[in-house]
Amino acid sequence: MNKSLLGVIDATTHHEGLEDLMTYRSLAAIPFAGRYRLIDFVLSNMVNSNIESVAIFPKFQYRSLMDHLGSGKDWDLNRKRDGLFFFPSSIIEGIRRGIGSFNHFAANIDYFYRSKQEYALIANCFTVCQMNFKPVLEKHIQSGCDITEIYHGGKSMQMYLVKISLLIELIHMREETGYTCMSDVVSDIDHPYRLCFYEWNGYSMMIDSIQSYFAASMELLQPEIWKKLFLKEAPIYTKVKDEPPTRYSKESSVRHSMIANGCQMEGTVENSIISRAVSIGRGSIVKNCIIMQKTQIGENCLLDSVIIDKDVRLESGTVITGSSSSPYVIQKGKRQGALMSS
Amino acid sequence: MGKKRCVAMLLAGGKGSRLNSLTKSLAKPAVPFGGKYRIIDFTLSNCTNSGIDTVGVLTQYQPLVLNSYIGIGSAWDLDRRNGGVTVLPPYSESSEVKWYTGTASAIYQNLTYLTQYEPEYVLILSGDHIYKMNYEQMLDYHIEKGADVTISVIEVPWEEASRFGIMNTNRDMEIVEFEEKPEDPKNNLASMGIYIFTWSLLKEYLKKDNLDPNSNHDFGKDIIPMLLREQKRLFAYPFKGYWKDVGTVKSLWEANMDLLDENCELNLFDYSWRIYSVNPNQPPQYISPGAEVIDSLINEGCTVEGEVTRSVLFQGVSVGSGSFIRETVVMPNTVIGQNVFIEKAIIPPNMRIPDGTVIQGSKESEDIILVSEEMLEEMIG
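Heads up: the protein sequence lines correspond to chains A and B, in order.
If you read the first sequence in the UniProt record's numbering, its first letter stands for residue 1, the second for the next number, and so on.
If you read the second sequence in the UniProt record's numbering, its first letter stands for residue 1, the second for the next number, and so on.
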């Protein structure tokens, strides 16, 4: 039973609203919660649900995603049998499709033919959740459904469970049926399949814009939220880095924040999410910010409601303020001087 | 097995009895250090950073934690097709079980391991020390001096010299005399327990030593004096930098506090010489609205709701609200309740400190308290 589910992660999605964070990476590889990438959540959920074979279908700037996943070792997916499979898209599709593009699957149909598993879970790469897929499969089998669509709060989570034989059929018949992806199938009122819904009541957040990214991040600072996401018995795995513990200086003052390893904190930090190896200089005040890996903030800076991507350097004295409805975003690798600021 | 130029033998069987309960169920090299590491991480990282990819780790005392920690060595990039890390426990021969009775006997009993790599040099290390060192530079020195043995030495304060094995050298750093814990030291160059041997000579003298019924089979006590008697070329390699033997509760605490010193020579943030360890993969640390963290090192998976000053918190530690933790080392997964006051202490892993506990030494005492279950029970009783 445990062995009968395989995972498919559609990492081809492109959200216009997240462009500032997607210049150098795909949506799946956007950093989240200080030390993770968006894909870590669904991938870890799959691993924690005993899924032993996972296929990832990426598109657009997938270098950083490949670098992140590597051989799948950090998710225990570097296996002799099954494990992690990476199927970059060779098809240039102009139109944006829904989750689970059959064209993309068709180009790698052998994966589905060769797999020993009976069912496939098709998921998107941009949902932050803590979810076990075993009960979904149980319910799917029990109720004799053809397709199970997972819902959360009355909205589709864009995750589907389907028998692999049916999936292969859908892929082959795509020209005749006109269904290009899973969401096409379920949204057609006349489809001939038995469609079931599985309502998920646990924690789940879809990231599809800067606003939802910012809101989901800030929400994590509430202990009742992060305690739902980070469970001891179902850890979220990620690529490990050998960062030392975070160092807080005598002058630092840090409150209500989530901080990853390898940071050097010398300033004041409140209501913020700080990624690995960030340094915040003396006298700087960082409030309501999301700061990504290896960004260096000089001395006496004032930042409020700013999202700063990786490897950014802020000169001393920089002042930048955004708002919670429209946080200011600084792109990866930028050098920002005090005089250039908004 | 392919030939290797230099193979390291890491002595990791130390009991560390002066660390009391910390080494009750694990060997000294496995003792947690610096908020994230175990002591052995420093030596293993030095090996991999020095380009030494073949390391035999000799274990004996309480090896379970250490063995599973080392695994196949992936954390230090020592999972290699040829070479890599090999854990070498004592084993039995047809006649008897041969425990490692001394440092030299431990190496002697693993001559077969060394022979398979046909090395030119053997680097002997101890897994008990905290330091960063480039062994490749020491090997270059060994070759340049045309030495048979090179022993790494460090200048220690004169008043402490009588606690160490002291090397008396001539101007060219050639060792003329070795004194183990001399009452009246002539020099302050202490042996760091790091040796480079030319392999052919090491093999010959280990065999010789093994036949001597009066020998303790120890490098410091037997092998080095024998080589000096036989006028071999022994050189001292002067090391400058941070080096600490964390053999006691107090020195372990001090070494942790050293990391908080801004000018500490042991820089964990130096990416050109990273200290690798098995990463626990826990969520980022959470600092609550009412918390205060000053002058401290905190690892991932921690939750801080109280006040932490000049302390080191390992992964998975939580500090409840209203609690004060000062100048304290809190080892992995220990949970500290609310309104606790702890000062100048080491708290071992996986402990539960009940609400309202107060742990502090007397004002005059310089001693560091090693918190134990018994101590907590007594307080409640």
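Hints in this document: simulated from the structure, not taken from any laboratory.
A quick note: this is a predicted structure, and the numbers were derived from the prediction, not measured.
Fair warning: there could be bad hints in the mix.
Reference listing, derived: stretches of chain A covered by chain B, where coverage requires no fewer than 3 residues with Cβ under 8 Å from a Cβ of chain B [what the hints assert, rightly or not]:
no., region
1, 79 to 88
2, 305 to 317
Below 27 Å or equal to it, Euclidean Cα-Cα: the simulated DSSO-like pairs (lysine-lysine) are [what the hints assert, rightly or not]:
no., chain 1, residue 1, chain 2, residue 2
3, B, K203, B, K250
4, B, K98, B, K203
5, B, K145, B, K98
6, B, K98, B, K244
7, B, K208, B, K132
8, B, K244, A, K241
9, A, K332, A, K294
10, B, K24, A, K294
11, B, K186, B, K145
12, A, K250, B, K344
13, B, K232, B, K250
14, B, K250, B, K208
15, B, K250, B, K24
16, A, K73, A, K250
17, B, K208, A, K250
18, B, K3, B, K186
19, A, K155, A, K239
20, B, K207, B, K132
21, B, K181, A, K250
22, A, K250, B, K250
23, B, K203, B, K221
24, A, K250, B, K3
25, B, K4, B, K186
26, A, K241, B, K363
27, A, K239, B, K132
28, A, K227, A, K155
29, B, K4, B, K181
The beta carbon of each residue, even a glycine, is placed where N, CA and C say it ideally should be.
Hints and how they fare:
1. 79 to 88: violated (count 0)
2. 305 to 317: violated (count 0)
3. K203(B) to K250(B): The hint is violated at about 38 Å.
4. K98(B) to K203(B): Measuring from Cα to Cα gives roughly 18 Å; hence the hint holds.
5. K145(B) to K98(B): Violated, at about 36 Å.
6. K98(B) to K244(B): violated, 31 Å
7. K208(B) to K132(B): violated, 33 Å
8. K244(B) to K241(A): At roughly 26 Å apart (the allowed maximum being 27 Å), K241(A) and K244(B) satisfy the hint.
9. K332(A) to K294(A): holds, 10 Å
10. K24(B) to K294(A): Between K24(B) and K294(A) the Cα gap is close to 40 Å, so the pair fails against 27 Å, i.e. violated.
11. K186(B) to K145(B): holds, 24 Å
12. K250(A) to K344(B): Measuring from Cα to Cα gives roughly 18 Å; hence the hint holds.
13. K232(B) to K250(B): violated, 39 Å
14. K250(B) to K208(B): Measuring from Cα to Cα gives roughly 39 Å; hence the hint is violated.
15. K250(B) to K24(B): Since the Cα atoms of K250(B) and K24(B) sit roughly 17 Å apart, the hinted pair holds (cutoff 27 Å).
16. K73(A) to K250(A): Cα-Cα ~38 Å, so violated.
17. K208(B) to K250(A): Judged against 27 Å, a Cα distance of about 57 Å means the pair is violated.
18. K3(B) to K186(B): violated, 42 Å
19. K155(A) to K239(A): Status violated; Cα separation ~31 Å.
20. K207(B) to K132(B): With a Cα-Cα distance of about 32 Å, the restraint between K207(B) and K132(B) is violated, given a limit of 27 Å.
21. K181(B) to K250(A): violated, 40 Å
22. K250(A) to K250(B): holds, 23 Å
23. K203(B) to K221(B): It holds: about 17 Å lies between the C-alpha atoms, which stays within 27 Å.
24. K250(A) to K3(B): This hinted pair is violated, its Cα atoms lying about 51 Å apart.
25. K4(B) to K186(B): Since the Cα atoms of K4(B) and K186(B) sit roughly 39 Å apart, the hinted pair is violated (cutoff 27 Å).
26. K241(A) to K363(B): Not satisfied, since the Cα-Cα distance of roughly 41 Å exceeds 27 Å.
27. K239(A) to K132(B): Satisfied, since the Cα-Cα distance of roughly 26 Å is no more than 27 Å.
28. K227(A) to K155(A): Cα-Cα ~23 Å, so holds.
29. K4(B) to K181(B): violated, 35 Å
When the structure is compared with the earlier hints, violations turn up for hints 1, 2, 3, 5, 6, 7, 10, 13, 14, 16, 17, 18, 19, 20, 21, 24, 25, 26, 29 and for no others.
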